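J.: Given next are the chains, with one letter for each unit.
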Amino acid sequence: MTDTATISKGSDWGYAPAPESTDHIRLKDRYGLFIDGKFTPPASGKYFKTINPANEKVLAEVAEAGEKDVDRAVQAARKAHDKVWRKMSGRERGKYVYRIARIIQERARELAVVESMDGGKPIRESRDVDIPLSAAHFFYHAGWADKLSYAFPGKKVSPVGVAGQIIPWNFPLLMVAWKVAPALACGNTVVLKPAETTPLTALLFAEICQEAGLPDGVFNLVTGAGATGAALVKHPDLDKVAFTGSTDVGKAIQKALAGRGTKLTLELGGKAAHIIFEDATIDQAVEGIINGIYFNQGHVCCAGSRLFVQESVEEEVIAKLKARMETLIVGDPLDKNTDIGAINSRAQCDRINDYLKIGVEEGAELFQTRCSVPGKGFWVRPSFFTKVAQSHRIVQEEIFGPVLAIQTFRTLNEALEKANNTPYGLSGGVWTDKGSKIFKVTRGIRAGVIWANTFNKFDPTSPFGGYKESGYGREGGRHGLKPYVELT
Amino acid sequence: MTTGYANGTTTTFKIQPHPVDEVGIKERAARLATRSIKKSSKIEGLKLALSMIDLTTLEGADTPGRVRQLCAKALHLHSARPDLPLVAAVCVYPTMVRIAREALKGTPVKIAAVATAFPSGMNPLEVKLEDTRYAVGEGADEIDMVISRGDFLRGDYGRVADEIAQVKQACGRAHLKVILETGELGTLDRVRLASDLAMAAGADFIKTSTGKIQPAATPEVVLVMLQAIYDFHRKTGKKIGMKPAGGIANSKQALHLLVMVREVLGPDWLTPDLFRIGASRLPNDILMQLEKERTGVYQGVDYFSND
Numbered sequence: 014m015t016d017t018a019t020i021s022k023g024s025d026w027g028y029a030p031a032p033e034s035t036d037h038i039r040l041k042d043r044y045g046l047f048i049d050g051k052f053t054p055p056a057s058g059k060y061f062k063t064i065n066p067a068n069e070k071v072l073a074e075v076a077e078a079g080e081k082d083v084d085r086a087v088q089a090a091r092k093a094h095d096k097v098w099r100k101m102s103g104r105e106r107g108k109y110v111y112r113i114a115r116i117i118q119e120r121a122r123e124l125a126v127v128e129s130m131d132g133g134k135p136i137r138e139s140r141d142v143d144i145p146l147s148a149a150h151f152f153y154h155a156g157w158a159d160k161l162s163y164a165f166p167g168k169k170v171s172p173v174g175v176a177g178q179i180i181p182w183n184f185p186l187l188m189v190a191w192k193v194a195p196a197l198a199c200g201n202t203v204v205l206k207p208a209e210t211t212p213l214t215a216l217l218f219a220e221i222c223q224e225a226g227l228p229d230g231v232f233n234l235v236t237g238a239g240a241t242g243a244a245l246v247k248h249p250d251l252d253k254v255a256f257t258g259s260t261d262v263g264k265a266i267q268k269a270l271a272g273r274g275t276k277l278t279l280e281l282g283g284k285a286a287h288i289i290f291e292d293a294t295i296d297q298a299v300e301g302i303i304n305g306i307y308f309n310q311g312h313v314c315c316a317g318s319r320l321f322v323q324e325s326v327e328e329e330v331i332a333k334l335k336a337r338m339e340t341l342i343v344g345d346p347l348d349k350n351t352d353i354g355a356i357n358s359r360a361q362c363d364r365i366n367d368y369l370k371i372g373v374e375e376g377a378e379l380f381q382t383r384c385s386v387p388g389k390g391f392w393v394r395p396s397f398f399t400k401v402a403q404s405h406r407i408v409q410e411e412i413f414g415p416v417l418a419i420q421t422f423r424t425l426n427e428a429l430e431k432a433n434n435t436p437y438g439l440s441g442g443v444w445t446d447k448g449s450k451i452f453k454v455t456r457g458i459r460a461g462v463i464w465a466n467t468f469n470k471f472d473p474t475s476p477f478g479g480y481k482e483s484g485y486g487r488e489g490g491r492h493g494l495k496p497y498v499e500l501t
Numbered sequence: 017m018t019t020g021y022a023n024g025t026t027t028t029f030k031i032q033p034h035p036v037d038e039v040g041i042k043e044r045a046a047r048l049a050t051r052s053i054k055k056s057s058k059i060e061g062l063k064l065a066l067s068m069i070d071l072t073t074l075e076g077a078d079t080p081g082r083v084r085q086l087c088a089k090a091l092h093l094h095s096a097r098p099d100l101p102l103v104a105a106v107c108v109y110p111t112m113v114r115i116a117r118e119a120l121k122g123t124p125v126k127i128a129a130v131a132t133a134f135p136s137g138m139n140p141l142e143v144k145l146e147d148t149r150y151a152v153g154e155g156a157d158e159i160d161m162v163i164s165r166g167d168f169l170r171g172d173y174g175r176v177a178d179e180i181a182q183v184k185q186a187c188g189r190a191h192l193k194v195i196l197e198t199g200e201l202g203t204l205d206r207v208r209l210a211s212d213l214a215m216a217a218g219a220d221f222i223k224t225s226t227g228k229i230q231p232a233a234t235p236e237v238v239l240v241m242l243q244a245i246y247d248f249h250r251k252t253g254k255k256i257g258m259k260p261a262g263g264i265a266n267s268k269q270a271l272h273l274l275v276m277v278r279e280v281l282g283p284d285w286l287t288p289d290l291f292r293i294g295a296s297r298l299p300n301d302i303l304m305q306l307e308k309e310r311t312g313v314y315q316g317v318d319y320f321s322n323d
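Those protein sequences? They're chains A and B, same order as listed.
Under my numbering, the first residue of the first sequence is numbered 14, with each subsequent residue one higher.
Under my numbering, the first residue of the second sequence is numbered 17, with each subsequent residue one higher.
Hints are not guaranteed to be accurate.
Simulated restraints on C-beta separations [claimed, not checked]:
no. : chain 1 : residue 1 : chain 2 : residue 2 : range
1   : B       : Ser321    : A       : Gly27     : 50 to 58 Å
2   : B       : Lys121    : A       : Glu328    : 46 to 54 Å
3   : A       : Ser325    : B       : Thr311    : 42 to 50 Å
4   : A       : His492    : B       : Gly312    : 20 to 28 Å
5   : A       : Arg364    : B       : Lys54     : 34 to 42 Å
6   : B       : Gly81     : A       : Ser21     : 30 to 38 Å
7   : B       : Lys254    : A       : His492    : 47 to 55 Å
8   : A       : Arg364    : B       : Val317    : 56 to 64 Å
9   : A       : Arg115    : B       : Lys254    : 54 to 62 Å
10  : B       : Lys55     : A       : Ala238    : 41 to 49 Å
11  : A       : Asp141    : B       : Val317    : 29 to 37 Å
12  : B       : Gly312    : A       : Gly448    : 52 to 60 Å
13  : B       : Gly312    : A       : Glu328    : 48 to 56 Å
For the record, the hints were derived by calculation from the structure and aren't laboratory data.
Just so you know, these numbers come straight off a predicted model, no measurement behind them.
In this text, a Cβ means the ideal position worked out from N, Cα and C, and glycines have one as well.
Just chain B, with the same shape it has in the complex:
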């Protein structure tokens, strides 16, 4: 398809329809879920998952105090276990980026900001671009944008792709994660199409969901997106990252995600540079499992700090 840019240039995206069989996808996802991850492999997998978390707070009620507490959690996951890795990033609204920046100064933890009229995306392009520039200006390393689902469902794919391309330009050096909000797309065929579109338009990562809509990062959606990334790499040689988000609350889900990445994309993708998990409750569940592996017993929830 051809899309016009605001600055007068045009780009042609070659998006071939790539049908997806829902029954087959569900079967494959279910089969990958039967991988048995025990002992050393469980411990290493959970540590790896921790290092890939985008620790997230995205509430209308967020305050500087709340964001500072979240950043403190990002830097001190569990004081009894200094051997554990830090999370990859914290993910906040644009107005909270400055607070996070101060709290995380001098640490490797990145700052991701949602932008482009998150979560609905129902604003004019100019507002979305300004939203993006503001967040980057405040110090965001990564931008999590939403696609315009309304335009996508109307079939105006050119406009969707165009927006992504322009937001990518507005990001400058910041990495762009494109949220497809798969729970609103209706079919896996559309999830695949939206993935292909986002990657062709310049996404560094594709991301399942805002966390505001259910269903979110279901195994079948994740699998379809991983296969889209595989095909994009096969055709272009470019490695696009993947970020499932929404409803990922326990260790078993996290390990299942790692299994899917490993078996679909291969070990190259098992790095926070190419795989992230958007979550808020997940770290403590992982900590609980890791402490259980270390001590042999489960500890109560109150033994893990909750910010």
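Chain A on its own, in the form it takes in the complex:
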């Protein structure tokens, strides 16, 4: 061993700012609604501002759609469905979906930068995850458009009709892709409402539909907040509603649709159990924990927000987790080296801070990294709680932020029992080097997606969705086509 006393001091070498350039971004000052192939002003003349959560600067004004606008959009979608899209052969429809995928790839850099500006997520993620996956969803579904009879052998496959789709702010463009790609591929037309804090990439997507020559009315976009969404759900001429968002809103939508023939799929909240066994590859498991809860500032419905560590490795896992967390770079979402960006909105930031207070009041022990955060904008340092129990609210409720609740367990059965002791059932994770244990755990957890020795991996070929209060219906894969087809 080198004599410690003679080792010279290590260099303080670090990373200079490496901001992604924004010169090429051309945002309009004001965006209208996209109805029947054209951008049009809202009937009310009302607009709202969308800001950059990293510096609170206004990026653009966006139209607020009311009932009249929603009605116009649904009518346009109905007309396009009955007159054009439904009649078109699958092979022709596939060409349009494919073209959209190609244009997303071509405009990837622009889309990534706008996604980070409007939503606060680090450019590394929008560039490497959100945008490539969005394109992948369109490519995947383009392939299905003329092969639907193979997806459902022995059945006659026809479109459902007009779909009203409401998406959240955590993966703005990716959620557009998850919703729109299967709908279009199966011959449905769409009225989409993006989240009010992140409408910009959906608006750019409307431009992409124009560029792709998509027939007028096949894709319509109504921007606005909850009232716009409610107006859309209430519209009597929808055949199908798809919603991704909070469980409370999901329940309200289900109530609104009760007694109607409208099909519904819900992808709601989650409180995933992430289980680390003593025979896991600990360093990679720590990386999995990081990806599980600090990916996208924890604004992920399938985030691994409840960590269960086998007691014999608790000390090592927590020590390594702390050390790894201190290397996370928090700050400017447009810096290529940023790991954790801004919290999406002031409201969400307040909500997360409330939960941090609640956790401390409940008697849990809070750890936060020592990083500094910018003065302007909305930020929460990567955090976790130890000394928590199933009875604590921070374990039961979805926080939707970079906050992890850590518990320990002694046996596999105890881990499973605690993992299932939640109203949610969207996702889960397990780390062990032993294959048989993986199968035991994955069979034992009631959740739609369970990752083994990895976390937060997404692929258009893989169905995604929940159990219990995490919703129903699947998106992606062959299962994801089903909500958008009638089988006879």
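Given chain A, put chain B in place with the hints provided.
T.: Just chain B now, with coordinates in the frame of chain A:
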């Protein structure tokens, strides 16, 4: 495991298996490679990397003339840039240590010698120890030994550890770098085990490769070894050094290595005392990049001396 020494003593090494997930390691290494190193950070990083290089010639055709030229390069990296640091060491075969010693006299550049029947290690222990003592006697400051991969792959870890411990004794005051030759070990689990074994047996540095076998210092191998060093430090408080070698030819690779060291082990390890890069072609690529940063244009290869 327990191992017997030639002098009759025994030592117990507590080596716990520490499994490694290959997919996860590759992902993490790839993510670290996306760090964007620009402007001042690039210049400072490249200078730091220069100061960590073990400038190496290990050919059967090495002659005193060749070694003197290499030492001249070590002392005069680029005459137009006297502001640059010197490399950390030159690395040669034992018979060339004396030549290097004379050429580098009075300079801070250290002399590393490969020993223990480099590169195969296929000689009896006594020959390996004698090889080591010879190199140290000739004036080597550092010894780069190879582990017996055959013994390791047979599962005779005790013998491997025993050899390392004895070579360490034979080194006297010279620092010992233990080459695992990861390209011959087959799995990352074994890379981890060999790292743990070498550190427990007395290595001052662990080193990836001889440079004679591919693959050599791949990012995933380097990452596994850095994590082993991290754990060893966590358990014992001892700081072990790391030396990737083999196939590191360009500046981007060098900066990626620094990023890995910084984010896994922390800034304490960013010193030539704890991190070295074994290379022969790397210095000129770094010089080319540094001159580009200074002048704004790339210069041709013939504007950099090639020894």
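J.: Of the numbered hints stated earlier in the document, which are not met by this structure?
T.: Hints 1, 3, 4 contradicted; others consistent.
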